[in-house]
Amino acid sequence: MTTMTGRSMNDKCLRQLIEERDMLGMMVEAFTKTSTGVDLHYVPTKAFVDHHNELLRRYLSGEPFITSYFCCAPEIYTAMDLPWNTFLTPAFTGAIKPTFHDDIDASGKMFTGMDLCTIIRLAGYYVEEDMVPPPTAVIAMIHPCDGINVVHQVMAKNEKWSKIPVFGADPPYWEDERSYNYYADELKKMVEFLQKHTKISLDMKRLREVIKESNKQITLWQDYNELRRAVPCPHGGAMGLEFFGEAMTVHTGMPMGTAWMRDVVADAESLVRQKKGAVPKERIRLFWFDILSLGLTLELFPWLEQEWGAVVAMEMFGYSPYTQIDTSTEDSMFRGMAVRALHEVPMIRQARGVADLFLTDIERVVKDWKIDCVVYPGYMGHKDGSGSAGLMREKCREMGVPFLYIGMDLFDNRYTTLDQLKDKFSKFFTSMGLG
Amino acid sequence: MKAKTKTKALDTFREAAETIVNPELQKWIDQGGKVMGYFCCYAPEEIITAAGTVPFRVRATGSTSTELADAYLTNINCTFCRHAFNMGLEGKYNFLEGVVWLNNCDHIRRIYDNWRRKVGTPLVHMMSLPKLTADKQVGWWREELAIFKGALEKHLGITITDDKLREAMKTHNKTRRLLKQLYELRQKPNPPITGADTLAVVIASTAMPREQFNKMLAELLDELKGAEGIKDYKYRLMLVSSILDDPKYVKIIEDLGGLVVADSMCFGSRMFWEDVDEKAKDPLDALARYYIQVKPACPRMFGGFPQRSKYIMDLVKEFKVDGIIGLRMVFCDLWAGELYMQEKDWQKANIPVLHIDREYLVAGTIGQARTRVQAFLESIGGRR
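For the record, the sequence lines run as chains A and B.
In terms of this note's numbering, the numbers along the first sequence are unbroken and rise by one, the last being 450.
In terms of this note's numbering, the numbers along the second sequence are unbroken and rise by one, the last being 454.
Treat the hints with caution; some may be incorrect.
Stated by the list, open to error - Here are the simulated lysine-lysine pairs, BS3-like style, with alpha carbons at most 30 Å apart: (1) 321/B with 301/B; (2) 172/A with 206/B; (3) 304/B with 76/B; (4) 304/B with 387/B; (5) 206/B with 204/A; (6) 380/B with 321/B; (7) 178/A with 206/B; (8) 390/B with 172/A; (9) 203/A with 206/B; (10) 172/A with 418/B; (11) 285/B with 304/B; (12) 124/A with 76/B; (13) 178/A with 418/B; (14) 380/B with 204/A; (15) 380/B with 175/A; (16) 78/B with 295/B; (17) 27/A with 414/B; (18) 162/B with 410/A; (19) 178/A with 380/B.
Stated by the list, open to error - Cβ-to-Cβ under 8 Å is the rule here; a few derived chain B residues that face chain A: (20) 179; (21) 183; (22) 202; (23) 299; (24) 372; (25) 375; (26) 377; (27) 401; (28) 404; (29) 411; (30) 425.
Hints in this document: simulated from the structure, not taken from any laboratory.
Glycine included, C-beta positions come from ideal geometry on N, C-alpha and C.
Based on the provided sequences and hints, a complete structural model is requested.
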């Protein structure tokens, strides 16, 4: 049925979103059926389904929604009641999409090379092929890597998307007061842009409430991570990613997310008291120092746990070096969001500026989470991270902790296959005397 | 095809392109002069010159291996970076008093992180280059220029006055104007210089004491203005690329009959097509504005695609280009996107296009390049 806006559920740009929603919906069904109590994965997964439905509703009704990212002050979007979509999501959830490999191959042909980051290639391909619903406005992410900068330029050149207003906040390279103030000013400009193009005003009182709630979430996240220091570790790596998803994407500064986090913390606490781990006989505690895809959490991590007793005790997106945002004034809130967006959110924190944070994070996590080995997957899209691999190896050597560099595509499981990964891990664990 | 010249200038420039420390630079070093390295054409050469040092753009000319660098970088890092860092580790850049980096791309900015820990260059400095080009970014870049100036002053124990900066701006503008004159000669139906030699001249401009370079280029221009010009070519080509600092690669193309008459490259026209405003009240303001808003932009500058596209299209018309070769270093994400977008525009304008993904070293890629360029030239012929 076509709506008043002339848009319909049959529009090509919605197909992928609907497909993704339906696949996630099936997972939600499975959680509720198989769980004895409330499955901890239920809320985050259901949140994504609800989020997809809201995007669909807004697209059809013509109400505003935007394209943006976790590192562009999502607290502001919550305060403005502005749902946001990212055209990177399909790459992360690709493992549940039957035609995913076809998409990857087609995107490779489009960009003349398979060495361009797979997420970026796919994102560009989906926009060019009209597989993403065009938003009211785009908040472009132009850091931490070259690829993300490029794909937003490709998007802005696309005939359909070229008519959509775009704003990119300029990211400084440093972590200092000058940079934070500069970026806070960029965020204020972003708000002006959003207000102009969505016709929604940002109420500062509402923003303060959202940030206060988000601060609570950060506290719970840190409490949770404290519990993950326990041996055995109460939960595996997937839960850390879900914590991130709740705090920085679908439920940023929302009480529903906070309630879920309390449940997770309570569950972890109970397991720690009972000395029960995510893995029955924990033998290896691993730090996965990069992003995660659904495919990895569904395939590789369970194998690591079952075969080697290896638990992902910490991972890049679960790590939370966040600070509380001072809500006393408007300026302090924007400064706090700038610090969070530039210096604290995962991947941006490590990859945007100088390589030092790769090293200090390894040092902190290895010590605090009693890590037995550090795994840097060497994702083919993360050129800057791979340019820091030698330094990471040296840091690990200095700390006496084994370091594994894989060289893989986190999304295309043909690049380094699951069997090859299993082989690499087995040889690594054996040669290092782990497990 | 080859330019016929009598002055020694062109031979000097060719030698500068084939070596790291060329004889003119060696003379400067022997006299106690200091040299400051940089990795990108957004580096403020004028400040380096105003400090009484010679700016030298880091290349990996003559490198044959990445053995040492590969302990720190990986096989998904671009080969220019791996070779350049390898040369740093081998001590081949020990003649540099300092090196300045910008966060221009993911590969080069990581060379800074590794270099500062592993190569004993006395001064290493990183600058935060904005990704946008509004007035606010000019202000930020001015601050970065002032910080860099301060770092040089402290390290060298000198004061860089506004007068020295103005003098350096004049010297560098003179280089820009001379290079532009050289390019304008290539607009002729029979250009007096090949693309390979032109590239050698441009490279030399980043590797020699600047006053000396200007003097020699002026001599060369005087001679080329009256030269007969090259007639034995089939088509006029343009190169659009990131780093290409080996004239041998251009020679391969030209040996097949495609004369390279224009480019949009960072060892090329984008370095010098516009001038710095010498009359501005504050020299750092003028430099900041030049690098952020005036200079033809690199694809890493967000939102500048329409201007970059126009810049190329204007050159295509001015230099009567028959076809464009887009070159990308393998693993370069910036240029993967840029060429994808540019090629769409070129195809729309019915300009023949060849896209080549290349490695830094020409050796090993000659066969592939030759075959593809040959086929491309034939395809241009087929269109006529």
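These are the hints, each one checked on the structure:
no., hint, in the structure
1, 321/B with 301/B, "holds, 16 Å"
2, 172/A with 206/B, "holds, 24 Å"
3, 304/B with 76/B, "holds, 26 Å"
4, 304/B with 387/B, "holds, 18 Å"
5, 206/B with 204/A, "holds, 12 Å"
6, 380/B with 321/B, "holds, 27 Å"
7, 178/A with 206/B, "holds, 25 Å"
8, 390/B with 172/A, "holds, 26 Å"
9, 203/A with 206/B, "holds, 13 Å"
10, 172/A with 418/B, "holds, 14 Å"
11, 285/B with 304/B, "violated, 33 Å"
12, 124/A with 76/B, "violated, 49 Å"
13, 178/A with 418/B, "holds, 20 Å"
14, 380/B with 204/A, "holds, 28 Å"
15, 380/B with 175/A, "holds, 21 Å"
16, 78/B with 295/B, "holds, 16 Å"
17, 27/A with 414/B, "holds, 23 Å"
18, 162/B with 410/A, "holds, 27 Å"
19, 178/A with 380/B, "holds, 20 Å"
20, 179, "holds, 7 Å"
21, 183, "holds, 4 Å"
22, 202, "holds, 4 Å"
23, 299, "violated, 36 Å"
24, 372, "holds, 5 Å"
25, 375, "holds, 5 Å"
26, 377, "violated, 12 Å"
27, 401, "holds, 5 Å"
28, 404, "holds, 5 Å"
29, 411, "holds, 5 Å"
30, 425, "holds, 6 Å"
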